[in-house]
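Protein chains in written order, with our numbering: chain A, 4 to 305; chain B, 160 to 877.
Treat the hints with care, as some may be off.
Said to hold, decoys possible - Subject to a maximum C-alpha distance of 25 Å in a straight line, what follows is the list of computed PhoX-like cross-link-like pairs (lysine-lysine):
| # | chain 1 | residue 1 | chain 2 | residue 2 |
| --- | --- | --- | --- | --- |
| 1 | A | Lys273 | A | Lys134 |
| 2 | A | Lys134 | B | Lys855 |
| 3 | B | Lys855 | A | Lys8 |
| 4 | B | Lys749 | A | Lys273 |
| 5 | A | Lys134 | B | Lys330 |
| 6 | B | Lys749 | A | Lys134 |
Unchecked claim - Rough simulated footprint, nothing fancy, chain B against chain A, three-plus residues with beta-carbon under 8 Å:
| # | stretch |
| --- | --- |
| 7 | 4-13 |
| 8 | 78-86 |
| 9 | 126-138 |
| 10 | 266-279 |
Claimed, not checked - Label pairs and their calculated CB-CB ranges:
| # | chain 1 | residue 1 | chain 2 | residue 2 | range |
| --- | --- | --- | --- | --- | --- |
| 11 | B | Phe283 | A | Glu159 | 54 to 64 Å |
| 12 | B | Asn333 | A | Val232 | 22 to 32 Å |
| 13 | A | His10 | B | Thr680 | 45 to 55 Å |
| 14 | A | Arg271 | B | Glu833 | 27 to 37 Å |
| 15 | B | Asp659 | A | Gln141 | 52 to 62 Å |
| 16 | B | Thr680 | A | Gln141 | 56 to 66 Å |
Since the hints were made in silico from the structure, they are not lab data. Everything numeric in this text was worked out from a predicted model, so none of it was measured. Don't be surprised by glycine CBs; every beta carbon is placed ideally from N, CA and C.
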Amino acid sequence: MRIDKTHQSWAVVSAIILGVAILLYFPYAVLYPGGPSGNTWPGLIYGIIGYAMMLFAGLMGARKRVPLWRVGRAQVWMRGHLWLGALSLPILLLHSAFTARGPLTILLMTLLVITVLSGITGALLQHFLPKRLTASVQLETIYEQIPEVREQLLSEAGGIVEALCAVPEAESAVVAAGAAFGAGGPAADEDAGPELTDDQRANLQQVYKHEIFPFLLNPEKSGSPLADVVRSKAFFEALRRQSPVSIHEALGDLESICEEERQLIEQRRKYLLLHGWLLVHVPLSITLLVLGGIHALVAIHY
Amino acid sequence: MKTIELTIDDKPVVVEEGTSVFDAARMSGISIPVLCHAQNERPIGVCRVCTVDCGDKVLQASCVRPAENGMKVFTASDKVKKHRKMVLELLMSDHPSPCARQRVSGDCELETQAAAEGIVTPRFSKRVSPRGQDDSSLVISVDHEACILCDRCIRGCDEIRQNHVLGRRGKGYNAGISFDLNRPMGNSSCVSCGECMVSCPTGALTNKSIIRTVLPGGEPVGVEELKQLPFFQKVSGTFLELNKNAVIKRHFKKGEVICREGDYGSTAFYILEGQVDIFLASMSSKQAVAQEAPSLIEMFSNIFSPKKKPTSGSRTGSIPIDATVDLPLDNPVAQLGAGDIFGEMTCMSLYPRSATVRAKTDCVMLEMLRNVLDVIQRNKTLRAEIEKNYRKRALEDHLRTVPLFASLSPDFIEDLAHQVELVRYSRGEVLTRQGEQARNFFLVRIGFVKMVEDHAGGELVLAYQGKGGYFGEIGLINRGTYAFTVTALDNVEVVRIGVDAFNKMLERFPEIAASLRAVATEREAHNRRHSAAVSAMSLEKFLNQGLMEANSLLVIDLEKCTRCDQCVRACSDAHDGVTRLVREGLRFDKYLVPTSCRHCRDPLCMIGCPVGSIRRRNSLETVIEDWCVGCGLCARNCPFGNITMHELPGTTTQKAAVTKKKATACDLCQDLPEPSCVYACPHDAAKRVDPNDFFKEIIGAGTLKAPALDSGAHGGKR
Numbered sequence: 004m005r006i007d008k009t010h011q012s013w014a015v016v017s018a019i020i021l022g023v024a025i026l027l028y029f030p031y032a033v034l035y036p037g038g039p040s041g042n043t044w045p046g047l048i049y050g051i052i053g054y055a056m057m058l059f060a061g062l063m064g065a066r067k068r069v070p071l072w073r074v075g076r077a078q079v080w081m082r083g084h085l086w087l088g089a090l091s092l093p094i095l096l097l098h099s100a101f102t103a104r105g106p107l108t109i110l111l112m113t114l115l116v117i118t119v120l121s122g123i124t125g126a127l128l129q130h131f132l133p134k135r136l137t138a139s140v141q142l143e144t145i146y147e148q149i150p151e152v153r154e155q156l157l158s159e160a161g162g163i164v165e166a167l168c169a170v171p172e173a174e175s176a177v178v179a180a181g182a183a184f185g186a187g188g189p190a191a192d193e194d195a196g197p198e199l200t201d202d203q204r205a206n207l208q209q210v211y212k213h214e215i216f217p218f219l220l221n222p223e224k225s226g227s228p229l230a231d232v233v234r235s236k237a238f239f240e241a242l243r244r245q246s247p248v249s250i251h252e253a254l255g256d257l258e259s260i261c262e263e264e265r266q267l268i269e270q271r272r273k274y275l276l277l278h279g280w281l282l283v284h285v286p287l288s289i290t291l292l293v294l295g296g297i298h299a300l301v302a303i304h305y
Numbered sequence: 160m161k162t163i164e165l166t167i168d169d170k171p172v173v174v175e176e177g178t179s180v181f182d183a184a185r186m187s188g189i190s191i192p193v194l195c196h197a198q199n200e201r202p203i204g205v206c207r208v209c210t211v212d213c214g215d216k217v218l219q220a221s222c223v224r225p226a227e228n229g230m231k232v233f234t235a236s237d238k239v240k241k242h243r244k245m246v247l248e249l250l251m252s253d254h255p256s257p258c259a260r261q262r263v264s265g266d267c268e269l270e271t272q273a274a275a276e277g278i279v280t281p282r283f284s285k286r287v288s289p290r291g292q293d294d295s296s297l298v299i300s301v302d303h304e305a306c307i308l309c310d311r312c313i314r315g316c317d318e319i320r321q322n323h324v325l326g327r328r329g330k331g332y333n334a335g336i337s338f339d340l341n342r343p344m345g346n347s348s349c350v351s352c353g354e355c356m357v358s359c360p361t362g363a364l365t366n367k368s369i370i371r372t373v374l375p376g377g378e379p380v381g382v383e384e385l386k387q388l389p390f391f392q393k394v395s396g397t398f399l400e401l402n403k404n405a406v407i408k409r410h411f412k413k414g415e416v417i418c419r420e421g422d423y424g425s426t427a428f429y430i431l432e433g434q435v436d437i438f439l440a441s442m443s444s445k446q447a448v449a450q451e452a453p454s455l456i457e458m459f460s461n462i463f464s465p466k467k468k469p470t471s472g473s474r475t476g477s478i479p480i481d482a483t484v485d486l487p488l489d490n491p492v493a494q495l496g497a498g499d500i501f502g503e504m505t506c507m508s509l510y511p512r513s514a515t516v517r518a519k520t521d522c523v524m525l526e527m528l529r530n531v532l533d534v535i536q537r538n539k540t541l542r543a544e545i546e547k548n549y550r551k552r553a554l555e556d557h558l559r560t561v562p563l564f565a566s567l568s569p570d571f572i573e574d575l576a577h578q579v580e581l582v583r584y585s586r587g588e589v590l591t592r593q594g595e596q597a598r599n600f601f602l603v604r605i606g607f608v609k610m611v612e613d614h615a616g617g618e619l620v621l622a623y624q625g626k627g628g629y630f631g632e633i634g635l636i637n638r639g640t641y642a643f644t645v646t647a648l649d650n651v652e653v654v655r656i657g658v659d660a661f662n663k664m665l666e667r668f669p670e671i672a673a674s675l676r677a678v679a680t681e682r683e684a685h686n687r688r689h690s691a692a693v694s695a696m697s698l699e700k701f702l703n704q705g706l707m708e709a710n711s712l713l714v715i716d717l718e719k720c721t722r723c724d725q726c727v728r729a730c731s732d733a734h735d736g737v738t739r740l741v742r743e744g745l746r747f748d749k750y751l752v753p754t755s756c757r758h759c760r761d762p763l764c765m766i767g768c769p770v771g772s773i774r775r776r777n778s779l780e781t782v783i784e785d786w787c788v789g790c791g792l793c794a795r796n797c798p799f800g801n802i803t804m805h806e807l808p809g810t811t812t813q814k815a816a817v818t819k820k821k822a823t824a825c826d827l828c829q830d831l832p833e834p835s836c837v838y839a840c841p842h843d844a845a846k847r848v849d850p851n852d853f854f855k856e857i858i859g860a861g862t863l864k865a866p867a868l869d870s871g872a873h874g875g876k877r
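Isolated chain A, as found in the complex (with noise of 0.2 Å):
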């Protein structure tokens, strides 16, 4: 979500409660007979806060699951899931008193901050991520659909050599009539085909089979030409100087074709980076949450 001015007034409150919080932690930690510690009542009232607002920030998920259930809007579960999710940090560590003292504690205080920062970390992500995404990937697509897009653009890369390279049929007949009639036959429809001699058919076939068809076919595949820009451009102009002008507009088809196939790629490395920090964060939630009652448990029990 982008953090922007409609974050002001959960900012605002955020900052109070922590302020709040801090306010209040000073007179305790300097009044409170035995000094500060998760144990004691003010301890624990800041545990459960900080517990309730991590149970809260948890929730997300479940919401994000049913999206048709009207329990408010699902911008507004987010909001909370960020910033109360993030306030839980400090208000747990003022429940500890900065302490940790026994292995699950320790645990806990490890796991929690790293839950944080994993969703700090998420949340810079989802706020710069989508902008860069939509200004270099102007041929975007849905995901799940990249590697049907993939398989098509191969075919018609496919098609448009083959059709390149297939000899006219005018061509054709001329051959077919030089064999019948000896070497004089009729002349062959300038309007037939592309006007490519057998090398240049034979140079692009080469080119076709050597760069394109591998790039297209595995283009995650690092080393092609064809992968980046400036190369690729190059790789055109050059493969242009070769041909004659009459095919130049379908080899500019194919230097899209390979636009849009590095489009893809961008497409899926930064997709990949927007969700691919929720494989840390959410494991590591659930962890916590489950953890984090054990540890409520127990200390409520003793």
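Starting from the known structure of chain A, arrange chain B on it as the hints suggest.
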């Protein structure tokens, strides 16, 4: 009269001199096949199917060959039969078989005759250059491919009806029939009398019968009864017969509401008996109208201008409504009586009703669908009648709604009334072209027009004008040529004032001349400023993507969207697992306009639904009701591809692979307070918006001013 004797197929026949061989044969009970000749038309002998052997060197077309004394005619000799079969075979080689007529009623004359001659597949190749179809008329479907150039339609139009609309175009293989100077039929001066259609021997001209559904309630009206009414007297009986369910009679008790402002409808009303009150339903709406613009105009004014506060002198105008009268602003009530029509704009362009109509006395009305109204509006006699009524009753009010003309004296308006024309334009037609010599001043009566300035880099839309808007004065006053191109956005009707009447007005009313000059100068200056400031590319893209058509547009802010697809999931969950939203589409600025119904102002999808299942209820949502038969017409009509056909579960069986389909489109989750896609978006990226408001800043239209009701803006000052 002198008589002659001849034999036809060895049968002696006596006929009057000058009788054609064809008629002589017919009178003696001998039938000669023919295509291009109809009994009520002048014979021209172009199809050569009626060829007979008269003993001449060559075979003769019997329809144009006069009978002669002592002539021996053979209508079915081997030579004649062989020739006739060849002609039919040649005609069939270019004929799409079965044609529309053969498919529907099985009476295509060409195909019937070809079948009788045993022609199944012609030996000759088909034409290589297709002539296409013309689907522009609401009433008649034109398939040029099926035309055999017999000219029966042309003679029907010119000689029988004397409308002189139909003619020929092109040469050789490209020859065909044309309307006016080769215009689409729907945009031509064709009055849809149906004569060409009944004259046509093939499926080239067929009745569309666009809406087969019967209007609910009311009582059916017979053709004879309709023909008794002056309003329908000039309408072709053939047409009325073919569309008999498209007009019904309704009775309303005193005080009963006939239609309500804001409702969406698709019919117009003609008052047979009684009187009705037309008014705006509530005080609040009166207030709103007084302060801002009427709802239809407001739709467009929202694109261009922030709402203006009323000025103290602004309450002297009137409220333009969808009827032959306008409503006075200070007391927005008017009456209509027998012979009046209302609801034309709603009917023709599917806009919401602009006022509430209530029966003042017990009333009898005819309610009609747009194909009927279209035919009526095209009829020259009825047009003249409508114009007369308009001049008599509404022109003065209409002119006075333009603040500049408020000071015109009644006698001048009376004089002017005889010099103005009411002219109709179809969607896309050009009213004035930039750079052309200015000859007229225009006042918009019905519909909306787009004013465009051409630039080297493309065109720039300057404004939209609705009812009450005016244009043309810059050309007439300052330049001599029109300053911009004006195009009809829908079915538009304008009052056209010629240059002579306009100049006379300026001479007689110098204060109006001065005001108009000031307005023209200010408009020109404003246009220049605007041209320099506005991002033409954005605006062009906005228009090209048809975004201004949308009532409610789903947009996704791509700079906020994380591509999580929660919107699609929510849509799918809300609609039994079938999503009505595909997160793919064109981009406008940083927004994605995904594939999802836009609930267009002019919902083309609704045209032609055979069961009326795609419709508007009493709001702007376009809904597809459960009784959709899955014909897919709406999906094909939707210019944005936002209606999808999906298979209904459980309709495929092991025995028969028949699947039933249903059309689906976004219904804005009408049972919920907010569309699910928007509600479920966690990133505040998905929004349902009015594009004209939402994109106002991006398209640079914030500085534009559309027609509003208050004195300064009424008339579309930009």
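Comparing the hints with the structure gives:
1. A/Lys273 with A/Lys134: 11 Å, holds
2. A/Lys134 with B/Lys855: With a Cα-Cα distance of about 22 Å, the restraint between A/Lys134 and B/Lys855 holds, given a limit of 25 Å.
3. B/Lys855 with A/Lys8: 21 Å, holds
4. B/Lys749 with A/Lys273: 17 Å, holds
5. A/Lys134 with B/Lys330: 58 Å, violated
6. B/Lys749 with A/Lys134: 9 Å, holds
7. 4-13: Our answer is that it holds, as 3 residues pass the Cβ test (under 8 Å) against chain B, meeting three.
8. 78-86: That given contact holds, which follows from 3 residues of the stretch 78-86 of chain A lying within Cβ reach (below 8 Å) of chain B.
9. 126-138: Holds, because 6 residues of the stretch 126-138 of chain A bring their Cβ atoms closer than 8 Å to Cβ atoms of chain B.
10. 266-279: holds (count 3)
11. B/Phe283 with A/Glu159: 54 to 64 Å: 38 Å, violated
12. B/Asn333 with A/Val232: 22 to 32 Å: Because 48 Å falls outside the window, the suggested range is violated.
13. A/His10 with B/Thr680: 45 to 55 Å: The hinted range 45 to 55 Å holds for A/His10 and B/Thr680, with Cβ atoms some 49 Å apart.
14. A/Arg271 with B/Glu833: 27 to 37 Å: 33 Å, holds
15. B/Asp659 with A/Gln141: 52 to 62 Å: 55 Å, holds
16. B/Thr680 with A/Gln141: 56 to 66 Å: 44 Å, violated
Checked against the numbered hints given earlier, this structure breaks hints 5, 11, 12, 16; the rest are met.
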